[in-house]
Amino acid sequence: MGFFVMSQKLKFMGHLPVLPIVVLMIVLIVPALFADLIAPHDPYKAYLRNRLEPPLFFGGTTEFILGTDRLGRDILSRIMHGARYALVISLVGIVLGAIVGTALGLIAGYMRGRIEALIMRIVDITFALPSILLALALASISGPSFQLVIFVVIFVIWGFFARQVRAETLILRERDFVARARVAGASDFRILHKYILPNLVNTIVVLATLQIGVVIVLEATLSFLGIGIPRPVPAWGLLVADGRQLIVSSWWISFFPGMAILLTVLSVNMLGDSLRDWLDPKLKQV
Amino acid sequence: MLQFILRRLSQMLISLLVITFIVFSLSHLTGSPINSLLPDDATPQQIASLTEHLGLDRPYYVQYLTFLQNAAVGDFGESTKWKGSTAAEVVLERLPATLKLGGLAVLISVVTAIPMGVMSAVWRGSIFDRMAGVIALLGQSLPAFWLGIVLMWIFAVTLGWFPTSGYGGLSYMILPAVAMAWFQVAALTRLTRSAMLEVLDSEFVKLARIKGVNERSVIWKHAFRNAAIVPVTYFGVLAGSLLTGSVVVETVFAWPGTGLLAIDAIRGRDFPVVQTVVLFFAVFYLLANFLVDVLYAVIDPRIRFS
Amino acid sequence: MGETILQVKNLCTVLDLSSGTVPVVNDVSFDVGVGETLGIVGESGSGKSMTALSIMQVLPKPIGRIASGQILLEGTDLVGMSNQQMGQIRGREIGMILQDPHTSLNPVFTVGNQVIEALEINNPGTARKTLRAHAIDALKKVNVADAERRIDAYPHQMSGGMKQRVVGAIAIAGAPKVIIADEPTTALDVTIQLQYLQLLRDIQDETGTAIIFITHDLGIVANLCHRLVVMYGGKIVESGTVADVFGAPSHPYTEALLKSVPSVDQKLDRLYAIDGQPPALISDRVGCSFAPRCPYALDICRNQVPQESDALSGAKSHRASCWNMERTT
Numbered sequence: 029m030g031f032f033v034m035s036q037k038l039k040f041m042g043h044l045p046v047l048p049i050v051v052l053m054i055v056l057i058v059p060a061l062f063a064d065l066i067a068p069h070d071p072y073k074a075y076l077r078n079r080l081e082p083p084l085f086f087g088g089t090t091e092f093i094l095g096t097d098r099l100g101r102d103i104l105s106r107i108m109h110g111a112r113y114a115l116v117i118s119l120v121g122i123v124l125g126a127i128v129g130t131a132l133g134l135i136a137g138y139m140r141g142r143i144e145a146l147i148m149r150i151v152d153i154t155f156a157l158p159s160i161l162l163a164l165a166l167a168s169i170s171g172p173s174f175q176l177v178i179f180v181v182i183f184v185i186w187g188f189f190a191r192q193v194r195a196e197t198l199i200l201r202e203r204d205f206v207a208r209a210r211v212a213g214a215s216d217f218r219i220l221h222k223y224i225l226p227n228l229v230n231t232i233v234v235l236a237t238l239q240i241g242v243v244i245v246l247e248a249t250l251s252f253l254g255i256g257i258p259r260p261v262p263a264w265g266l267l268v269a270d271g272r273q274l275i276v277s278s279w280w281i282s283f284f285p286g287m288a289i290l291l292t293v294l295s296v297n298m299l300g301d302s303l304r305d306w307l308d309p310k311l312k313q314v
Numbered sequence: 004m005l006q007f008i009l010r011r012l013s014q015m016l017i018s019l020l021v022i023t024f025i026v027f028s029l030s031h032l033t034g035s036p037i038n039s040l041l042p043d044d045a046t047p048q049q050i051a052s053l054t055e056h057l058g059l060d061r062p063y064y065v066q067y068l069t070f071l072q073n074a075a076v077g078d079f080g081e082s083t084k085w086k087g088s089t090a091a092e093v094v095l096e097r098l099p100a101t102l103k104l105g106g107l108a109v110l111i112s113v114v115t116a117i118p119m120g121v122m123s124a125v126w127r128g129s130i131f132d133r134m135a136g137v138i139a140l141l142g143q144s145l146p147a148f149w150l151g152i153v154l155m156w157i158f159a160v161t162l163g164w165f166p167t168s169g170y171g172g173l174s175y176m177i178l179p180a181v182a183m184a185w186f187q188v189a190a191l192t193r194l195t196r197s198a199m200l201e202v203l204d205s206e207f208v209k210l211a212r213i214k215g216v217n218e219r220s221v222i223w224k225h226a227f228r229n230a231a232i233v234p235v236t237y238f239g240v241l242a243g244s245l246l247t248g249s250v251v252v253e254t255v256f257a258w259p260g261t262g263l264l265a266i267d268a269i270r271g272r273d274f275p276v277v278q279t280v281v282l283f284f285a286v287f288y289l290l291a292n293f294l295v296d297v298l299y300a301v302i303d304p305r306i307r308f309s
Numbered sequence: 002m003g004e005t006i007l008q009v010k011n012l013c014t015v016l017d018l019s020s021g022t023v024p025v026v027n028d029v030s031f032d033v034g035v036g037e038t039l040g041i042v043g044e045s046g047s048g049k050s051m052t053a054l055s056i057m058q059v060l061p062k063p064i065g066r067i068a069s070g071q072i073l074l075e076g077t078d079l080v081g082m083s084n085q086q087m088g089q090i091r092g093r094e095i096g097m098i099l100q101d102p103h104t105s106l107n108p109v110f111t112v113g114n115q116v117i118e119a120l121e122i123n124n125p126g127t128a129r130k131t132l133r134a135h136a137i138d139a140l141k142k143v144n145v146a147d148a149e150r151r152i153d154a155y156p157h158q159m160s161g162g163m164k165q166r167v168v169g170a171i172a173i174a175g176a177p178k179v180i181i182a183d184e185p186t187t188a189l190d191v192t193i194q195l196q197y198l199q200l201l202r203d204i205q206d207e208t209g210t211a212i213i214f215i216t217h218d219l220g221i222v223a224n225l226c227h228r229l230v231v232m233y234g235g236k237i238v239e240s241g242t243v244a245d246v247f248g249a250p251s252h253p254y255t256e257a258l259l260k261s262v263p264s265v266d267q268k269l270d271r272l273y274a275i276d277g278q279p280p281a282l283i284s285d286r287v288g289c290s291f292a293p294r295c296p297y298a299l300d301i302c303r304n305q306v307p308q309e310s311d312a313l314s315g316a317k318s319h320r321a322s323c324w325n326m327e328r329t330t
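Chains as they are written, first to last, in this note's numbering: chain A, 29 to 314; chain B, 4 to 309; chain C, 2 to 330.
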């Protein structure tokens, strides 16, 4: 506990706490990049003689540090390989969602009037539609796939960006430097991308960081329900689902993948908070 | 005030209309619902007659209007999976279970988060504040499905305090309600805390103290009443996430509510039921937000009189 | 004037900031008598508001605290009292009017509600109807027109001047012995200002309440106050009766303040303004805090904090803290 508190004082670049960065590297980034090299086993290989082995300090061996699942696959290796999908989905989903949301938010905030009302209404509707159900419905039509997950992610988060960007655009467009540019004859597009957008970068970055946690949990939830990343990829949500029926006897199958999710999201949230305090304190909301 | 309500109501109806259209279109994305209703060896005549019977040969917009007409009187079609019942019946039968669970979750959230948020602000920087902050952080980082499983494992399997799953009285509801409420507690605590911090700094709070008002009244009567607007507005969002949460939590705990129903219906390709569930959820969400807007006006007289 | 009712002795109030502990009220002493109006004059950051907040003990938590000194209300020291005990003093023995009428009142309660609350604190157990009647009377007393209807109005439905009167009504609800008015007219239109000052004068004539009037406006001081203290950088640099101080300003800051108030018969090319900025809050100042801006500063001024001594008018009550009152160069 003391170590935890102490490490909170250590700041990277003077602002970001070190501990979450380290945890994030260990749990997400390094495995995502180097799983092929450092995972102890092939995540798909079934060691049929070592099924349902407990983790190391609970009766297990060093060969399968976090235990094995129903088919004898090494949990640790599966978690490490699953990191890649968590990372990719969240990055791709966030970037695309941010692009869509920012674009629409800019248009709404700058153009005002009917267009703004329309876009904001669409945002409201997006929030009204239960995303998980939508995902379920779509998945039952076309089957689970990467594209589906990305689409659902974009669907869920673009609204946050749109709302925030619109609110700030509303303020920015009244500023003097915009008025001057307009008087000097700059086109709307130029104003938007040369004057307004650069001022939004901080907000967008912070918002994106804060949303990563949401996206990872969303992807895991979708996978858990069977409509996310398709089998047999060892996505973290799927790993938790794998162990659900066996929770009484073999708790480790669900526990460790869930811990991976928890640690990742926790670290990202802590980093996001610090980032926000540093770059853009007016975003102090949920 | 009346004008305000009417305006909000009409906005709600427009949103609802759009949602019904989206929902309606969803079922037609499969190509044709026919395929799920008839066995593979159906004759062309059977296909044709069923198509006509279901009105699927009519133009799209006519189908949509018919759909709306029927929905307005509560006719959402027949369930294909649970033969003999209409979609509406199936959904309504399961709705109370979800409402019970959701209600308990909301209760837990409010009763836990609001006092925690207020006292965190009042005792800013104290150990209480920091611990509440940790809880809030954890709450936003834990995926509900995993929390459900872990809770089940610790409290039902290992300690045996609660049953693991199924429908029943309070003891069956506690674990799933906590799993559902966890994230909301975190968000609500943070929101309440920051709102209170802002209000506690304001001049009128200072004046209340100067008047000699006792500290408890200063906190709850003067400060909280102003800060409350923020968590109240959040209830709209809360309603929405409760719905999505219900799907996951009901799955983990085998709680027979609308969330679990939706999953079963989708697996069983029962589109009328899926449609109905999605519509119910959307209406619920819109209603919740509408009520929040009204509550907003009640709490803040500045909105009422403008 | 009557006997002393409030005595502030060597008050030191500090703020515990992340950069260190800084004094905002630095060894301040003054007293106020029954029926008297004392002006506290200074610019923003001089510590005048902090002094007021210290007396009421509503300093910003958790950074503000009284480090040392005494505040004697009829002989009883308020410093060190528990919040509970101070609660008996606030609103009852001492009332306060804040500067901005637009933020002083709670926006979600009616004006009447807030006045009634003040009355109830001072008359616990009284029936609601009686309180309401008293509240209407209180509003009438502060010249709120149409009080019977206004009592159910919300703050945002009233003008600034009217709100400030309500705040005044709240301040006098407990028949306090001292009223602290922290720049109550700064946010009001000039015409309303005069009315408000007259209101305060009337209240004082009627009840004999002592008033501590904080302002940066010397015109008001001349109009309303009997005595004044001039504050700069957290310290009192000059004190005395209005006649003495205005007639023979002894501290260079006082002199500059008086010079910067233009009068109608002057022909000015530019308004006189004091060079420089108010002093920053630091904990280890050497010498007189006004020295950087003082046109008469000597070497000793930069090295030693000036002692208080008799001022130029010769009156015993007129004091100032300056090494160079004779204005030698």
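Keep in mind that a hint or two might mislead.
Label-pair restraints from in silico Cβ distances [stated by the list, open to error]:
| id | chain 1 | residue 1 | chain 2 | residue 2 | range |
| --- | --- | --- | --- | --- | --- |
| 1 | C | ASP206 | B | GLU201 | 38 to 48 Å |
| 2 | A | PRO68 | B | ASN73 | 44 to 54 Å |
| 3 | C | GLU75 | B | ASN217 | 17 to 27 Å |
Reference listing, derived: stretches of chain C covered by chain B, where coverage requires no fewer than 3 residues with Cβ under 8 Å from a Cβ of chain B [to be verified]:
| id | segment |
| --- | --- |
| 4 | 82-92 |
| 5 | 96-103 |
Hints in this document: simulated from the structure, not taken from any laboratory. Please read all numbers here as calculations on a predicted model, not as lab measurements. Yeah, the Cβ is synthetic: ideal placement off N, Cα and C, and Gly gets one too.
Now the hints, each set against the structure:
{"no.": "1", "hint": "C/ASP206 / B/GLU201: 38 to 48 Å", "in the structure": "41 Å, holds"}
{"no.": "2", "hint": "A/PRO68 / B/ASN73: 44 to 54 Å", "in the structure": "59 Å, violated"}
{"no.": "3", "hint": "C/GLU75 / B/ASN217: 17 to 27 Å", "in the structure": "23 Å, holds"}
{"no.": "4", "hint": "82-92", "in the structure": "holds (count 6)"}
{"no.": "5", "hint": "96-103", "in the structure": "holds (count 4)"}
Checked against the numbered hints given earlier, this structure breaks only hint 2.
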